[in-house]
Amino acid sequence: KDTKEVLRALQASVDVFFLFTMSIIIFFMQAGFALLECGAVRSKNTTNILIKNMLDAYISGIAYWGFGYALAFGEPDNAFLGWRYWFSEGIPDEKLSHWFFHFVFAATAATIVSGAMAERCEFIAYFFYSSMITGFVYPIVTHWAWSEKGWLAVGFGGVGYQDFAGSGVVHLLGGTAALVGAAFLGARIGRFDDDGTPKPISGHNVPLAALGGFILMFGFFAFNGGSQASVSKSGDGLAISHAMMNTIISASFAAFTALLAKKFGPAVYYCDRHSTDDWKLLSTINGALTGMVAVCAGCNVMEPWAACVLGLISGITYLLWSWGVEKMKIDDPLDAVAVHGGGGLCGLLLAPILKIDGIIYNPSNTDAWLGFGVNMLGAVAIIFWTAAISAIIFGSLKAFKLLRVEQELEIRGLDVPKHGEPAYPSEAWGDGWSAGHIN
Amino acid sequence: KDTKEVLRALQASVDVFFLFTMSIIIFFMQAGFALLECGAVRSKNTTNILIKNMLDAYISGIAYWGFGYALAFGEPDNAFLGWRYWFSEGIPDEKLSHWFFHFVFAATAATIVSGAMAERCEFIAYFFYSSMITGFVYPIVTHWAWSEKGWLAVGFGGVGYQDFAGSGVVHLLGGTAALVGAAFLGARIGRFDDDGTPKPISGHNVPLAALGGFILMFGFFAFNGGSQASVSKSGDGLAISHAMMNTIISASFAAFTALLAKKFGPAVYYCDRHSTDDWKLLSTINGALTGMVAVCAGCNVMEPWAACVLGLISGITYLLWSWGVEKMKIDDPLDAVAVHGGGGLCGLLLAPILKIDGIIYNPSNTDAWLGFGVNMLGAVAIIFWTAAISAIIFGSLKAFKLLRVEQELEIRGLDVPKHGEPAYPSEAWGDGWSAGHIN
Amino acid sequence: KDTKEVLRALQASVDVFFLFTMSIIIFFMQAGFALLECGAVRSKNTTNILIKNMLDAYISGIAYWGFGYALAFGEPDNAFLGWRYWFSEGIPDEKLSHWFFHFVFAATAATIVSGAMAERCEFIAYFFYSSMITGFVYPIVTHWAWSEKGWLAVGFGGVGYQDFAGSGVVHLLGGTAALVGAAFLGARIGRFDDDGTPKPISGHNVPLAALGGFILMFGFFAFNGGSQASVSKSGDGLAISHAMMNTIISASFAAFTALLAKKFGPAVYYCDRHSTDDWKLLSTINGALTGMVAVCAGCNVMEPWAACVLGLISGITYLLWSWGVEKMKIDDPLDAVAVHGGGGLCGLLLAPILKIDGIIYNPSNTDAWLGFGVNMLGAVAIIFWTAAISAIIFGSLKAFKLLRVEQELEIRGLDVPKHGEPAYPSEAWGDGWSAGHIN
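Chains as they are written, first to last, in the numbering used here: chain A, 1 to 439; chain B, 1 to 439; chain C, 1 to 439.
The list treats identical chains as one, so a pair stands whether inside a single copy or across any two.
Below, in silico cross-link-like pairs of lysine-lysine (DSS-like), each with a Cα-Cα straight-line distance of 30 Å or less: (1) Lys398 x Lys263; (2) Lys418 x Lys263; (3) Lys418 x Lys329; (4) Lys4 x Lys95; (5) Lys4 x Lys233; (6) Lys401 x Lys280; (7) Lys418 x Lys280; (8) Lys233 x Lys95; (9) Lys199 x Lys418; (10) Lys149 x Lys233; (11) Lys280 x Lys263; (12) Lys401 x Lys263; (13) Lys280 x Lys398; (14) Lys329 x Lys401; (15) Lys398 x Lys329; (16) Lys263 x Lys329.
Calculated from the structure, these hints are not laboratory results.
Make a model of the complete structure from these sequences and hints.
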């Protein structure tokens, strides 16, 4: 009997260890987002985007501690929100690792938005929307989807919402907020011609963007695999194994689809074999990320071939969304809407189809169709909720003229006027090789 | 019975796994320090600071293997030092993971100093002080504080020294050595005017510094959480959970305090609402790091609200120390003294006050006051020991003219004359866009 | 009895957890290789080398999923290859973590080659050889060495091939393919004078290269420690402990040997104390990596002093190979042949000598000599197999003029013509400080 208790305690210890290890790696995704965004902006707005990404972690630390966790997982709760553990007051000891895991997720959700609003958003506006997302918008949705009593988790007719690692809860939510934010904010000066022709604005540093991509991939394995939240229970190992393997398979096929579609798409479209485009690194990175986002929803219950199909579809999805957002004259410097919104929606809707025993295995399975319905409802609910609150947040900020920096400031860049810290101060450069540098 | 043994063996395996995973992540903090320092120096001294940070890991590998661990944890030992396991000779197998964990800590302690001495320190001097710190100065202090018989660990009247993850042992020690080193070395040319007015010298690369900050935060979770050194024992899970959660809470509040105090401090001081400063990224990073340093001492036995208070105080602490060091005309390019020395001292003294059942819970608890006394004594001992040995090391190096590079070399920068490797060789640049690059 | 089963299940869970954690960290080595290579090329070929490194992960994801794992670990199998689990069809659930671990290894093997072929290799050629290595060349060798029935694993007279983490299987293989590839490809324009004098071509970014080095070191601990593949079995803890400790000791001594030999080697050679060279960062990084590569083969069964000896030898090995490759007029921008080929061969041959109960412990032990013979045979087999297939691959590509870009393109750089993405677009720069930037 004593042995049994020791064994149970060890199981709990291993789960705590698992959750913290995965959380630490997921936390590092903050650096991935920061560098991806840093590389995608012009050098004059580099410090600005970096400080926003860094503060995301700390705003989340405060807002999620104060309010977020209480709304998401506080008990007593109802189908819509929880209501306890404000400032972690009264939280049971064994829930602290759960708190930390969900804090790193909240920090991730917040950071998606900053990319879409880069290079022109007021610092104060950023504080406000970032706190609102991590402290309010996101926690409510996690309660719906991931707490025992949440209305999506309960679902209908015994069939619940399938969103293992958050294609909807994290990415569709972040992508929706990014879309609304970018729409209210308006495009950067020079992003569209007077006649509306889009003119790409290059980021200043491809290696930093690529490093950001690598860090995000590193983190995504923990994000998807860690979503099982425990490793000692029966079935945990299999779910985690599926999640990890499907993540790389979906990412690989999505990356190649995006790469090849970008390269040969125009030639196919114009039926002209000379109209090929380039081999684009940034499309490859974004394609891979979209594949990883899309696989979140069902990665624990999908066979590898299904992850392959999902990857192929999500790679195309990314390009279509990217094209569509631009067509709407919305300026999203990071393609955050396409990657997270487009990829998240794609994954959420395809999970009930492609998952084991899903629609594709047995199209007459009514439970599978019900699952599809629940996921679709979840998608609609997340989009509406997020868009509505975001419209209020960004609309108010705009009404009070707190949303966007002045035109002169935007042209000059935000780093020096706002932060007094140019990213690459010219007086600190010079390689010292030439004798002329002696003074 | 057989089952019990298997269970015990599994507990041991899980602990070994825990220790190595945390150690690997802590090791990566070397990259964090390297980039933070690299971003904070001028481009002409970039290779120089990178090679020093890289060698820190290898100097530690050799010095800690040869001498450090033997002095810190060799048995037989007395209250002041251990005396066995030189070059890991005779070390029991089950202590190897312990060795590795303490090696990564030693490497961290050594690397704090290089920032304060950047851009003007001789390469040979660096070898010497770095070996001395990891092979001698630091191991002795860890013996005092973290070995069973150490005089600080034993403490007085049954109350021992509270320094869970090393606010004192690692950071105050590193900060003290950095202060003494920077004082003996003198300020960089141009850092202070002839009349003593400080003139900031900008680092050359904010994105690299920010990435360094992110990596350090990533590593700090393992540094603080991993300090429990095991996960399978009763109480481990709770201690680790507290450590992790308190780390992000203290960091978040410290980051915001530093950000806001830097921005609005001058306005408050001059009672003039137009005298605000900028939103500083580097202050935010250093504030967060100071919060993480300060929480080391008591993060395992602190409630989240206490970590919040500690964060608020340590954010201010950082700015005051930074200002104080500059007032003393000491040139610390990385603010290593303020972050590690100031933050470490702050954490060491506040831990006995803020920890559960500490002074603030019951001011008439004599054991709590005794704990405060032991920690204060520990702080004094660490400062004196480190300062004394550092003064001998840096004083001797200065006397033999081995401490500082010649003036002409300093102006020219160290990368080319010392390393033959400019960080950004001009002949390797050119984006190839313009036709002119064809030859 | 029930307890026993739960315990066994927990052991399995812990091993799955261990394997995935190590795998995630090993995956991050992709970023390390990418940055090391990115820093070592000129800015005009930066995007090109980054996209190759990024695609390595995804090509591996597809090729290893489709064919690699089936050839390496499919059952039924014979001494030379496996033949099942194509596209993971029919793979048992408990092997999925094994699949993932070997996928990250395969991705590492592929990525070694791209460095040696940087700045002049066709994109299509890269696709082809990269798929072949991860889908065919590498898996066959892993079957020989690491599957139960493999002929090297079985060995002779009961003595098997000793290559714990792949000095031979991964690094010698990668290094051999790199050598053959670089030889077929020819040197970069300007790398050798008309009279054959080598002229170094500097990379464009030392900090990125150094960060790459740090990431590789971070990953190497998981690479070597994780090769035990489980942590719950008796003896696992000790093997992992040895692997970790020996990795840092070998790296430390190799780094210092390379640093000092580079600095003082010329002075010794010319017997002239004024002929010293510089303190080279890149030699230090490559020296450390060579030490980590060399220790792979025997790190689990070596005492620390032996790792120290191995480090001293491999540091010199690196410099000699680097010199030898250049003498052969082969242009290897990353020294990948010297680090991985030279280091791998050195480790493979020294492991049977230096390991516990190896030749040096008892030179009359015939089993130890037999082990040396098996390892030598393994080295010869890996070199021949890899060189033969590589010659076919690179020879065919060359014959069809698909191997090397045109001269004009090489001079102009690959980023703009091939990818349309200069690494640092000039229009995105400007720090915004000066008023002139307003328009």
